[in-house]
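Protein chains: 2
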Amino acid sequence: MKGKEQQMAINIAILGFGTVGSGVAETLDINKELITKRVGEEINVKYILDIRDFPESKFANLVTHNADEVFDSDILIAVETIGGARIAYEYTKRALSLGISVVTSNKELVSTHGPELIKIAQENNCCYLFEAAVGGGIPIIRPLYKCLAANKITKIAGIVNGTTNYILSQMKDEGIDFDTALKQAQANGFAEANPSADIDGIDAQRKISILSTIANDGAYIAPDQISAEGISAITNDDFEFASSIGCDIKLIALYEAGEDKPVVYVAPTLVAKSNLLFNVSGVFNAIMVEGNSLGQAMFYGQGAGTLPTASAVCGDILEAAMSNPTENRTWTEESVAITPYDEIAADIVVRADVPAKVITAAEGYECEVLSDEAILVKGIRHKDIASLVSETGAKSWMHYLK
Amino acid sequence: MKGKEQQMAINIAILGFGTVGSGVAETLDINKELITKRVGEEINVKYILDIRDFPESKFANLVTHNADEVFDSDILIAVETIGGARIAYEYTKRALSLGISVVTSNKELVSTHGPELIKIAQENNCCYLFEAAVGGGIPIIRPLYKCLAANKITKIAGIVNGTTNYILSQMKDEGIDFDTALKQAQANGFAEANPSADIDGIDAQRKISILSTIANDGAYIAPDQISAEGISAITNDDFEFASSIGCDIKLIALYEAGEDKPVVYVAPTLVAKSNLLFNVSGVFNAIMVEGNSLGQAMFYGQGAGTLPTASAVCGDILEAAMSNPTENRTWTEESVAITPYDEIAADIVVRADVPAKVITAAEGYECEVLSDEAILVKGIRHKDIASLVSETGAKSWMHYLK
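Residue numbers (numbering that gives the first Met the number 0), protein chains in the order written: chain A, 0 to 401; chain B, 0 to 401.
Chain A with its partners taken away, still in its complex shape (with noise of 0.2 angstroms):
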């Protein structure tokens, strides 16, 4: 860190004081005490800057309005809690082109501009950490690069969206349909006003990018190549059939290291009791890892929230002031190829009135029946499901996890 030893505090700024930045201002507060003794050194929240003032705050007197205040002064990390690809950006930019290291929890920023901010971290001697981005307070992406460092990583199996599985859940155990479900997570605080960044899988597609490009070894997967499919079509008929054969519907993530590109998408998914993700309710996320050596490994905890989400970010922080910017988790600038949607090979569930025209049209596919109107079609290639659906008159079709 620069300048380090000469200071008796280590000064930070946190950058956006909504939901997050405001959580952070509060950790560092009331576990101030035991985060001197084991950094060794006072973390100082010296600027909060926002274009808002916040005269009922206890950190009221820390707010600014002046950019240029902040960069030009002698913090040594930005805690950026801003969100989106715009102001964060420019913001980040700048205070890693200073030698200032950012933590941030800003999932879209992290996804769409990873490897430039990283590159730049690198050029100037300082850390870009993003623990927060994936998983609020779960910790997920420090264990993947560092517990997990001897490892192949495999699959990648997440919930990592709380407002999508807390509206299935709702769905699932009130029997609403998704539209009431959707205004009661709203009314809740748990799904924004313009829900779409969540219910349309594009928060978890973005989640999945940051997972797939660490377990890729940092060749970057853009969040724009990955194929998302939302919940809004799903139904209660569709909750109905998932527990007649035992299953739950989740919003899965998935990443596979795959024999040639890596298979990754976000989709709907039948859930077998069996798989430890069907026990998974509400807001919480929880990411089940697969290494060559690890075996099968599984994350839960609370996905979002003020104070989960701050752990993750004071996490870095800490991290930020002990540690000397030596990692290499470099990210390609380019994305990598991955596997067109049409070529991933998947097991499916097929819902059909009569199973048998469905054996008979995968075949060459091994076929499981389920129930009396579901056969599980192992490893089927997307392009084949449409036609597959078609001929036997199915009236349905979801991915299915044991």
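You may find that some hints are simply not true.
No copy labels: a pair is met if it fits in one copy or bridges any two.
To be verified - Straight-line alpha carbon distances no greater than 30 angstroms define the calculated BS3-like cross-link-like pairs of lysine-lysine that follow:
(1) LYS272 <-> LYS154
(2) LYS260 <-> LYS377
(3) LYS154 <-> LYS182
(4) LYS36 <-> LYS151
Simulated from the structure, these hints should not be mistaken for lab results.
Please build the complex by placing chain B on the supplied structure of chain A, with the hints as guidance.
Below, chain B without anything else, positioned relative to chain A:
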């Protein structure tokens, strides 16, 4: 790392070529290419120190019986997979004193001599790392130290011993008694010929000693202070009773920060269906952590086994190879006091024919009737339990985790 920059490869030695040691050699071998890429240098196993020969192993030519040859060489990292606290202790001290980093899966050694060994490592500017000592392949030590660094850890509840969890799962699922389940576990290689360390809770006691010390900010909590009850007294009747109130029986290792002193113990526990630990079966481990900012997170995976444990050991090897040992992970020299077992306030379920008697006798404690023979008594001090049971003629009692 001493002399790292002058070398083309980082030489390491594996001390003890048993289950875990051979898994480490195997993992480093199968993932050689990606590990070299990630570290920037090759990790080269130069010696395998063991009293035996392994003529059938592809690593046979690396085996030596001469410790001096190993310690006088240019190795930078020693992998201690000997086990126990005698020769492993001597070799670990010798390596660390020479500035050779040591990584290990040895929970006995870490829990009994951790304070001294960490101190020697710090004095000699090298690392003593033990991610694999708890939870096998599951990342837990580093997440506690790093990702959750900004939290006060308020509680840890874990299933940390795969052998006992396997035996309990078999008793429940197959309806077999403890002795039969133990014999099956031994036949399947999940329990040792002398199973005492597992079934008497000693292994869990060592692991919760390590986790508690970390959660307690390095204030050392020695294993011999921690009350540990094993599972050999659990009967099939206990499982029927548990099932009747929607619970399963798990061997739980518990840490709570406590108001005055930490609360730490190991005990068979009725785990309610609503708790995620309920679904952790067979040889799997899971550790639930609560932080004051984080809320709850759970870490799940294979708690033992050659390759999963090797995955964690190898993650530490990469850490030792890449990092400067700058971290402040000191443990106090002396064990600090924890709440005496008798004074611990616990939630328990009392099994009695006449619940009303228990409720009357437990006056002053909050009670909840779970069934016509089960009463949950909250926060009762352990020293008051015996008289409650004898006064009311209760059949039995057990700890309870919601």
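Right, here's what the structure says about each hint:
1. Taking the closest pair of Cα atoms, LYS272 and LYS154 come within 30 angstroms of each other both inside a single copy (19 angstroms) and across two copies (28 angstroms).
2. With identical chains, the CA atoms of LYS260 and LYS377 are at most 30 angstroms apart within one copy only, with a shortest distance of 19 angstroms there and 55 angstroms across copies.
3. Proximity of LYS154 and LYS182 under a CA criterion of 30 angstroms is satisfied in neither setting, with 34 angstroms inside one chain copy and 35 angstroms between copies.
4. Taking identical chains as interchangeable, the C-alpha atoms of LYS36 and LYS151 lie at most 30 angstroms apart only when they sit on different chains, with a minimum of 12 angstroms there against 36 angstroms within one chain.
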